[in-house]
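FYI, the numbering for the sequence shown is -19 to -1, 1 to 174, going by mature numbering (1 follows the signal peptide of the UniProt record, and there is no 0).
In short, the hints are calculated from the structure, not lab data.
Cβ atoms here follow ideal geometry from the backbone N, Cα and C, with glycine treated the same way.
There's no promise every hint is true.
As the list claims (entries may be wrong) - Across the chosen pairs, the derived CB separations fall in these ranges: (1) E129 / T60: 29 to 37 Å; (2) E20 / S82: 33 to 41 Å; (3) N157 / T16: 48 to 56 Å; (4) T16 / T110: 36 to 44 Å; (5) V154 / L121: 17 to 25 Å; (6) R123 / Q52: 18 to 26 Å; (7) S41 / R143: 33 to 41 Å; (8) T60 / A12: 43 to 51 Å.
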Amino acid sequence: MASHLKWFALLAILMAHSGHLIPVKSAAASAFSRTISPESLGLRREKLTHLHFYFHDIVSGPNATAITVAQASNRPSATNFGSVLVLDDLLTEGPSPESRSVGRAQGIYASASQTEFALLMALNFVFTTGKYNGSTLTVLGRNSVLQEVREMPVLGGSGLFRFARGYAQLRTVTLNLTTLDAILEFNIYVFHY
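Take the sequences, apply the hints, and build the full model.
See the structure below:
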């Protein structure tokens, strides 16, 4: 069996040098990219949806939903520059944590400014009730915490939010300056199919 492989290898080398190799088209090469119709994926008319909910960011106490996973130790900063937190925050219909849950905000935020309280936020909103149960939206952007209203882009989604694009407006409802626990109000406007 090994001698057959040697002869095959020798034959391939000889054919390559003589210009007699026949190119073989790979099925994978043509499968990389193709144009398809939106209808083939079940996509029909695009719609605009407005979502309104509250985000409960708890960084203090034994039941914290946002924890620090990295912090710059080589230099102190009034803005906590370099701090990175991972979160799994409750989303509710109303500002009270006891109001009906609509999902979770899961992701990361980092203090990204040396001169002001500004965060880089990478969030997945995971919806757990109603029509959007199991669907997600992804938001990535700058949150300048002390501005009254902030805006961040919606980059995409899953489930009923496939091909999503839009923006999120957020404002602080409450911020405890001692614990830094906060409640934020989100208004999200998203195009999707």
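Comparing the hints with the structure gives:
1. E129 / T60: 29 to 37 Å: violated (19 Å)
2. E20 / S82: 33 to 41 Å: About 35 Å separates the Cβ atoms of E20 and S82, which means 33 to 41 Å holds.
3. N157 / T16: 48 to 56 Å: Check passed, 53 Å falls within 48 to 56 Å.
4. T16 / T110: 36 to 44 Å: About 37 Å separates the Cβ atoms of T16 and T110, which means 36 to 44 Å holds.
5. V154 / L121: 17 to 25 Å: About 22 Å separates the Cβ atoms of V154 and L121, which means 17 to 25 Å holds.
6. R123 / Q52: 18 to 26 Å: holds (20 Å)
7. S41 / R143: 33 to 41 Å: holds (37 Å)
8. T60 / A12: 43 to 51 Å: Holds, at about 49 Å.
Comparing the model with each earlier hint shows a violation of hint 1 alone; every other hint is respected.
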